[in-house]
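Put the two chains together into one complex; each comes in its own frame, and the hints tell you how they fit.
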Amino acid sequence: MADKKDITPETKEVQAQKSVDEAARPAMKKIDSKIPEGPLAEKWTNYKSHQKLVNPANKRRLDIIVVGTGLAGGSAAATLGELGFNVLNFCIQDSPRRAHSIAAQGGINAAKNYQNDGDSVYRLFYDTIKGGDYRAREANVYRLAEVSNSIIDQCVAQGVPFAREYGGLLDNRSFGGAQVSRTFYAKGQTGQQLLLGAYSALSRQVKKGTVKLFPRHEMLDLVIIDGRARGIIARNLVTGKIERYAAHAVVIATGGYGNTFFLSTNAMGSNGSAAFQCYKKGAYFANPAFAQIHPTCIPVHGEFQSKLTLMSESLRNDGRIWVPKKKEDAEAIRAGKLRPTDIKEEDRDYYLERRYPAFGNLVPRDVASRAAKERCDAGYGVGSTGLAVYLDFSSAIERLGEDVVRARYGNLFQMYEKIVDENPYKTPMMIYPAIHYTMGGIWVDYELSTSIPGLFAIGEANFSDHGANRLGASALMQGLADGYFVLPYTIQNYLSDQITVPRFSTDLPEFVQAEKDVNARIAKLMAIKGNRSVDSIHKELGLIMWEFVGMGRTKEGLETALEKIKAVKKEFWSNVRIPGEADTLNVELEKALRLADFIEIGYLMALDALNRNESCGGHFREEFQTPDGEALRQDDKYMYVSCWEYQGEDKAPVMYKEPLDYEYIKVQQRNYKQ
Amino acid sequence: MEKTINITLRIWRQRGPKEKGAFKEYALSNISVDSSFLEMLDILNEQLINKGEEPVVFDHDCREGICGMCSLYINGHPHGPDEDITTCQLHMRKFNDGDVITVEPWRSAGFPVIRDLMVDRGAFDKIIQAGGYISVNTGGVPDANAIPIPKANADEAMDAASCIGCGACVAACKNGSAMLFVSAKVSQFALLPQGRVEAARRAKAMLAKMDELGFGNCTNTGACEAECPKNVSISNIARLNREFIKAKLKD
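Residue numbers (my numbering), protein chains in the order written: chain A, 1 to 674; chain B, 1 to 251.
With the rest of the complex left out, here is chain B (with noise of 0.2 angstroms):
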């Protein structure tokens, strides 16, 4: 037999970036534990709809956790309670009968809220355009087996590139700071030959970005780490103010 379980959500309400939000509550009965957390609230937004209310607004995608595009804080949590995992894959399992859950935006001066629960990170965008890239144009490189990688190196690499730019780890950060994902992206080009060339530059360039855009620093506290629902390290963030090091030393 189905196991359902009732619940009521507070629910951050925004109409617009400089609008001022509040918590509202709604109940829901009869919510199936195998339901995941966004479907419980396309079953909310379903009821609003058919009360003529307006539904709750937030961003989703691909709902199997790799796009990056699901956030919510949720008690207390980026990406909610469960482990490991962003909030489209949490299920209602994780919660109890007749929980109170608290379901808010992320939180940063990085990310405004664009409405309810939705936020822009487009200073992801301009992080990375900072310098988050080899420059290479397409054609005219050599062979793909032409430079031998070390596995591990190449594993490394693998594990930072990882994050899919969701954001968690500047909503759990107290001082909204974005080390995490930006060492994330610095250290898989710096572990990899190709990526050597311009690593100096590279984390000078999107260190610089990240500053100008309002995000905090770091001050080495690791909830991101341990919000991160990809697991990327924060061994990156060492690795990063090396090459920041580096860099500069060279200046």
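In isolation and in its complexed conformation, chain A is listed as follows (with noise of 0.2 angstroms):
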């Protein structure tokens, strides 16, 4: 049996070191991952038949803080305002409806086998254990698998428009990872439907007064009373006020923290601080290192680009990547001298297919992302920054006719053109990968219960269910699961011995100090009064990360970074200049605190990857591969989620292990080859 799966510390030294800080803080007590009695496939109906729950009349006077609006705090926030809570739903934007899992295009698994293909909750979770290289949880992802066709059920009720049949019922795609069509759609925008449902649902709430919303809210800190998550400390960022808010419980849903490395295709305000703040105050951060890079993303074009934009990866089915054979001919097109069409097919490489031939350019999108990064710091990219491949559609075209590449890929094709001014059907695509989604977050057990007593986190905030790789449709499945289906569930169980627990002053001294500590970290960056902008030291942090941290990772290449990171950190804290009031709207102010946390977090990053000697999934050490090039795991050395607990400022963090049990799978190494 896999139940209680204690988290234990790695030696000795750190064992003691444990005692130390256990004793200057009674809250972090040893923990367990909660895994409930029974087989597998009945853990998530015992769970529920057996948890305490809260009584509608008790429910009113609880109250309980949701950050984040995306598809698992709007999901979340929702629910537990029909189900009579008190909530609060804090977002930065300046409506709900505008969280980054609207960006999602592809769509959303589901084990509901309308195909007839032989789907099933357990191949559902077969596949996201494996797609995640072995390093998720058995239960968590087998509950994820069950709820799934719920989520369907629920949007298809709410109004989402999925792609139907002509015979009125549902229709669905394939996608990467999986033998059977289970992905569910709307157009290329199942992400921006999936949440207008969210946040419809939760608009309903707004009216019937169980949910109040603060847009342009930032949160800044979390309030513990004895021991316990009580509140936040956030930032009006119209009035730039700092305020305090109580509640009973806090649920983290603030996303991933893929924008450390500045050039991302999450959105411009996407930031790991929520989940930072809380670290800071206790909670373990899992898996930093895990963070997936997707291949095929239109490059960077110069200096100022802000950020990167994602084209389908279904373009690979019929498109055919390559580089110049010849440096001098790569030269010659980076200066603009030669064309992609200029180009001899003898003088060019199609190097997936030189060097998988069994997968070509179907590899999976870690292989894809690394080879085109072996390529261009070999000096054979394209573009006029080097950093970029060709993706050919001329043999298709040539092979099937315009008409049918358009009718497949017509809308990217002409996304492409708006962007790049170039027309796909006659020069090749350029693409280049970038960071895309972050497997790592906040440590939870099954209950999403991170190790602070009433704190939650869901979403791709929490580590959860992806492992070291997360498969194509499967965030919004994971969001919604969370939010809809499992949190409002399973919080009850935390809150039904808070009923007799009144409501919290925000004059209590603990929300006192945290706000006089947000003031005092404001006051710290505005009296830098330096000489460079928030935006050019965080290039700076990204290149490092992109370099160090990123597609391929070895020992002395992070051990540098983390060299550089603390140069960067000492850059920013000297050097940074904030035009403008903090007692006002200040939008370089909002990054520039930012900018503070995803300098830790890259550096937290890098020592998760230093600490980790494998390869698996998107975390890929170059001294851990086949012969082939393929990621190598050490499965009797690392099979664990890595807990990193902060030990305070400038304090190196100490780093637990979970164990992962496999009862139900067998452990193999993944293999694309044949």
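Hints were generated in silico from the structure; no laboratory data involved.
Predicted model only: the values in this text are computed from it and were never measured.
Computed cross-link-like contacts, DSBU-like style, restricted to lysine-lysine with a CA-CA straight-line distance of at most 35 angstroms:
1) B/K151 - A/K187
2) A/K539 - B/K94
3) B/K126 - A/K212
4) B/K126 - A/K187
So these bits of chain A aren't anywhere near chain B, every CB distance computed over 10 angstroms:
5) D32
6) L40
7) P56
8) E243
9) Y646
10) K666
Cβ pair distances, simulated, as ranges:
11) B/N30 - A/Q179: 51 to 61 angstroms
12) A/K529 - B/G21: 19 to 29 angstroms
13) B/A109 - A/N411: 29 to 39 angstroms
14) B/V100 - A/K344: 39 to 49 angstroms
15) A/G209 - B/I245: 28 to 38 angstroms
16) B/D211 - A/G386: 50 to 60 angstroms
17) B/N137 - A/Q668: 41 to 51 angstroms
18) A/N411 - B/A208: 36 to 46 angstroms
19) A/Q179 - B/A109: 54 to 64 angstroms
Backbone N, C-alpha and C fix where the C-beta goes; we use that ideal spot for every residue, glycine too.
And the structure:
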């Protein structure tokens, strides 16, 4: 039985350190992942049957803060409101409808088996564990697969206009990592439609008065009273005022930290600060090194690029990826003296087909990304910056005709043309990998509770279900599973013994102190009055992250990154310039507060990557690869979740291990060669 | 070789909702035509910060045309001169060397200016809260394939649901009407069997809220449809009117 998976300290020294820290912070008890008893398929049912609930009259007396309004936060706030709790819902955008979940294109997975192609809850569970390279918890992932079907039912009932067949029933498409068609979609705007569904449900609760919205508010600290999460400090982004909010429980749904890299497919405002504040208050940060790099994005065009746009992975079905064989050709292209169509067939290096004859252009995301980087680093990159490769449709057009290609990919070609101003029917597309998603995040147990009682984390903000690599169309599934169907149950198990706890006053000393700390932090930033903009320093951090903590990592590179990030931190805290005042709208101050945390997160990512002496999923340590360049896991040493605990400013964090046991799945080496 | 242009920006600067605003001119040189409009504003802001001045405030987030956060009234057009895109997808190659580009916030009674080019679109949230939903709780719903829906209706509902809530329709309308926005949501649900149950109530409630919040009436100029970055069709307004009349007849 895999019950009660204790997090065990790594060494005796660590243990000694831990006991010292525990003495200093009594809230930091040794914790477990709380996997329920029973066979895998019955765990969630058993849990729900035996968990404690809160009766309707008591729900009204309990306040819950939800930070974030994306698929996870929006669906959780709406559902908790429907149940009768008093919900306070915060977001940094001007409306909850704009959370970055809205940008997801492809679709959402569910084990409906509407196509009669052999899908099942077990198969979705299995594909997800395997796709994550055996670094996710069995019980959590099984539950995710189990509730996936309810999500589709719920969204249809809300009026989400999923694609349909002529018979009126729902259509499905295929996605990577699966042999079945289980992906539901709404044109290329699935994330938008699912988010608007959650936003509608949320809006209904706002009208009913169960949810109060706080748009343009950013959480800057977590307030802890007697070891429990009891509120937040937030900055009103319009007035600049620092505000205090109290509740019986706090839910973090603020997404991932991909913008540590400056350039990513994340929205400009996406940030890791709320999660990082929780870490600083004692919540474990799990697997920070696990980040997903997507191979097909529109490349960087110059120094002032602000973000990267994803082009759907489906393009690799018919596109062939290449760079010039000769360095002088690549140089001439970069200088604008040659065009890709000038390069003869025999002078093109279709490097994926050359290196991976079995899978060719359809190798997995991480392999395709690393191979593109390798060619560009070696001097064969194209585009004005040299950081791009070609995705060429000329043979597909020759084989199928332009009309067929247009029918399959027309909307993507149009989007590409708007951004790059080149016609991809005539000239090959240019693409390059970009940071897209972070599998790591705040550590949570089976109940989605962090290591701080009363603090929960859902969606991309937690670390839970994707292991070392997330499959396409599974982010939307996890966000809505957490928000609609998991947290609204599990949070009651915590709140049931809180019913006699009266509402908190925000005049309590803990709130006063937290606000003081936030104000001191802001005052310190404003007082620097240096010479560099926030963005210029963020770009510097991003380049370090991309070079040393990106697609290919080495021990030496990661050690260099740690040193360089320390230097960036010093530069930031001594030379950043924030114009204007703190007590009013100040976008540069918002960015500076986020960057201060990105620097720390970047450091933690490098530290975790350095610790993990293996390659798995999106984490590729160049020292650990098979002769064919595939990720080589070290299951005997690293089959665990690394859980980092903050020890104080400028002190090394301590790492604990949550071992992963696979009872129902046979652990294997992933193979893409046959 | 990278092509660059020199431009002059006339940007509306306004400290706060109650304060008087004015245009201010900024000259920018060597702007890559491959940069997006918002990246060009990033360059301007970087220069302003380096000079110790306060940067221009504008809303933006996803920068791939889907979140609806960016706005800007550029040379007399919401989201600028290019078609079927938001400001974040507008690129500088649509402008010429020596151009003077006028940049204003959305101007409408329903969207008060917060600062510079940033406006308060909270009214759109209030309109949705008035009835822009189907009243179902989480759980206890039928199987997703229990009710077949004709593909044509589902596709049309999807087209209406493409609205990103940016407010360009209001900014484009001489009456400051939010009819295209309201009608898109009313249509999406009216076209689906799940949404028919509350169709009449929804149309009345959302229109009443729109009027209450100070948006103008629709006089069928079609400016909203022409400027909509997502091609939301004006035929949705006709459907909203039908739903509204049906609801009134039942009263």
